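A.B. asks: On the provided structure of chain A, position chain B as indicated by the hints.
Number of protein chains: 2
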Amino acid sequence: MKITAVVMAGGKGERFWPESRENHPKQFLSLTGDGVTMIQKTVRRISPVVQNEDIFIVTNSAYKNLVREQLPEIPPENILSEPCGRNTAPCIAFAGAIIRKKYGNAVMLVLPSDHLIKYENIFTRTLCNAIVKATEGDNLLTIGITPTYAETGYGYINFSDEDGNAYKVEKFVEKPDLRTAKKYLASGKYLWNSGMFVWKVSAIMECFARFMPDIFYGTQKIADAYGTPDFETVLETEYNKFPSESIDFGIMEKAENIFTIPGSFGWDDVGSWLAIERINETDDNRNFIKGDVIAENCKRSTICGGKRLVAVVGMEDTVIVDTDDVLLVCSKNSTQDIKKIIAKLKENNRTEFI
Amino acid sequence: MKITAVVMAGGKGERFWPESRENHPKQFLSLTGDGVTMIQKTVRRISPVVQNEDIFIVTNSAYKNLVREQLPEIPPENILSEPCGRNTAPCIAFAGAIIRKKYGNAVMLVLPSDHLIKYENIFTRTLCNAIVKATEGDNLLTIGITPTYAETGYGYINFSDEDGNAYKVEKFVEKPDLRTAKKYLASGKYLWNSGMFVWKVSAIMECFARFMPDIFYGTQKIADAYGTPDFETVLETEYNKFPSESIDFGIMEKAENIFTIPGSFGWDDVGSWLAIERINETDDNRNFIKGDVIAENCKRSTICGGKRLVAVVGMEDTVIVDTDDVLLVCSKNSTQDIKKIIAKLKENNRTEFI
Chain A
1 MKITAVVMAG GKGERFWPES RENHPKQFLS LTGDGVTMIQ KTVRRISPVV
51 QNEDIFIVTN SAYKNLVREQ LPEIPPENIL SEPCGRNTAP CIAFAGAIIR
101 KKYGNAVMLV LPSDHLIKYE NIFTRTLCNA IVKATEGDNL LTIGITPTYA
151 ETGYGYINFS DEDGNAYKVE KFVEKPDLRT AKKYLASGKY LWNSGMFVWK
201 VSAIMECFAR FMPDIFYGTQ KIADAYGTPD FETVLETEYN KFPSESIDFG
251 IMEKAENIFT IPGSFGWDDV GSWLAIERIN ETDDNRNFIK GDVIAENCKR
301 STICGGKRLV AVVGMEDTVI VDTDDVLLVC SKNSTQDIKK IIAKLKENNR
351 TEFI
Chain B
1 MKITAVVMAG GKGERFWPES RENHPKQFLS LTGDGVTMIQ KTVRRISPVV
51 QNEDIFIVTN SAYKNLVREQ LPEIPPENIL SEPCGRNTAP CIAFAGAIIR
101 KKYGNAVMLV LPSDHLIKYE NIFTRTLCNA IVKATEGDNL LTIGITPTYA
151 ETGYGYINFS DEDGNAYKVE KFVEKPDLRT AKKYLASGKY LWNSGMFVWK
201 VSAIMECFAR FMPDIFYGTQ KIADAYGTPD FETVLETEYN KFPSESIDFG
251 IMEKAENIFT IPGSFGWDDV GSWLAIERIN ETDDNRNFIK GDVIAENCKR
301 STICGGKRLV AVVGMEDTVI VDTDDVLLVC SKNSTQDIKK IIAKLKENNR
351 TEFI
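Residue numbers (my numbering), protein chains in the order written: chain A, 1 to 354; chain B, 1 to 354.
Quick caveat, the hints were computed from the structure, so don't treat them as lab data.
Check before you lean on any hint, since a few could be wrong.
[Unchecked claim] Residues from chain B that face chain A, not an exhaustive set, calculated with beta carbons under 7 Å: (1) 296; (2) 309; (3) 315; (4) 325; (5) 329; (6) 331; (7) 333; (8) 344; (9) 353.
Predicted, not measured: the structure shown is a model, and the values here were computed from it.
No residue lacks a Cβ here, since even glycine has one placed at the ideal position from N, Cα and C.
Only chain A is shown next, with the shape it has when bound in the complex (with noise of 0.2 Å):
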């Protein structure tokens, strides 16, 4: 059974504006200064696991030729276009019905493209242990991240008995308030979720056909229509058609023979600016600095200098990033708030900044 991998990068994200824009959103831009982008690293990375002609790319159709540059390795013919975005379920059922109709079935990584892994070795060895519990059975593997600190910022996995060299996983819970998730990371039976899966192709499409039965004959219809001159048209009609679902919400929650490894390998979903000074080298202040800066007593800041000079003085634990065309100044206290930026450019019909 062959080994397939999925990659997710239809997302468009906010929080790296103005870095990143609605054309060329965060997966494609490189936030760690050496050049290779998100999706690129997430690509390199599986390559011990997975051959190129194996890997996927489920993107936006407005992305495909950003993939096709940036990730030359790949067979065009595996870059699966979404017509419109529909989160995460009718994007790995897309993914899945033509990966079975190419090979009949095949082990399938699912993998988000933004995110960043430290440790690739420790990282390919979960991956490995995660194949073989799910070529041992019908068994879907969610990768879970062995918790730091108690984040309120992403989901848990509850997993409860060691099987095999996985563990049961009884639960996914949302979003924790600060206590609940300080109460999670000291009772040892909760992980991130990190939106990262393995199974067998046949185990996920049975789910769907089970679960979301829409989604399933959907997707079915399209990669009937795969290789003929009706592709696109079947794909977009389809496609308009399925809800907005998470994988995790649709299936992950509801079907049984989850497991889960838990993974202690550097990730970081990179969710923010905040991120940078976490992924990056700072300075002695603790200052990510990168392009013509003179800063002078400032500390905790990332700055991201563009084509001018970017002089900065006296700044504490804020955010500079300048463009071509915007400027943002932001304090990390109000990352979160950058959105609301985007909100008033919509209103104001000012699309070319978004």
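C.D. replies: Just chain B now, with coordinates in the frame of chain A:
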């Protein structure tokens, strides 16, 4: 006796960098949003008292064209170009010698070109009183500003008895510490030293002859060459020999017959970016915002946009200045450190930004 005015416009002023540059200093900027520059305001403000052909602008030769552009109403021959900056004493003696050559004797107002005055009628009345007192004898008049708080950044004038429409000056004192400044304020016997003076040309030139004879004789030679082909050469030779000295230290602290008239005309020396919110209208959160700016939850900040969109989120007490080639983000507590940035640029020979 004619009433003449000397506007001193040779200052380089680093404190409004990056809006001000060495080749375009503060006096040539409009910092008030009405598009009228500081030097234009200075000249317009004295027009109730002095006619244009009797206004002399002393400036650095590098700024001669800027002065011509911004003040087309001033006869070009009244723009006196210093070959090099030598502080206020040589500047005043130079202008005094030229005025004496043209008019024999005259009343001479001396004014910085980069201050703001809110209540122009009160200012005019103050000038008129000073002109009367200066005309009555060989009196040197300094316009003092009634202090409104214990400022430690200005020099002070200590005055005693009333004498006609002015007060006798006891002494000039340097920038005090906060405790001393508070004592000055409470005493009611101290004024801020605004650097504005009124005297007869004969009176001030006599003081130069007595206290700064080198400058006196040098400017004499310059005035003798005025209107001849040798003028530029003589000017350059003599000016380079002058010591760099302020009129306060060189004359005012030594001469007798010094009087002051307290003024309460809303004077502001616009000494740093902090002045901007004082001299302009601010929004409900006490922000001053200019240009294409979206500010979300910002307080007490000065945001001067340039050609791009500036988005500012959750910032307090911050100065943001966006120009074509330089962006400045500066904590309000640190505006005095802007000069450190300029020093670093000089060190690295990046003169294009200075």
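A.B. asks: Next, verify each hint and record whether it holds.
C.D. replies: Here is how each hint holds up against the structure:
1. The interface hint given for residue 296 of chain B holds, since its Cβ lies 5 Å from the closest Cβ of chain A, which is under the 7 Å cut-off.
2. Here the hint on residue 309 of chain B is kept, as its CB sits about 5 Å from the closest CB of chain A, short of 7 Å.
3. The interface hint given for residue 315 of chain B holds, since its Cβ lies 5 Å from the closest Cβ of chain A, which is under the 7 Å cut-off.
4. Interface restraint check for residue 325 of chain B: the shortest CB-CB distance to chain A comes to about 5 Å, inside 7 Å, so the restraint holds.
5. The closest approach between the C-beta of residue 329 of chain B and any C-beta of chain A is roughly 5 Å, which is under the 7 Å cut-off, so the hint is satisfied.
6. Because the closest C-beta pair between residue 331 of chain B and chain A is about 4 Å apart, less than 7 Å, the hint holds.
7. A hinted interface residue such as residue 333 of chain B counts as satisfied when its beta carbon comes closer than 7 Å to some beta carbon of chain A; here the least separation is about 6 Å, so the hint holds.
8. Of the supplied interface hints, the one on residue 344 of chain B holds, with its beta-carbon coming within about 6 Å of a beta-carbon of chain A, less than 7 Å.
9. Because the smallest distance between the Cβ of residue 353 of chain B and any Cβ of chain A comes to about 5 Å, under 7 Å, the interface hint for this residue holds.
Hint violations for this structure: none, all hints satisfied.
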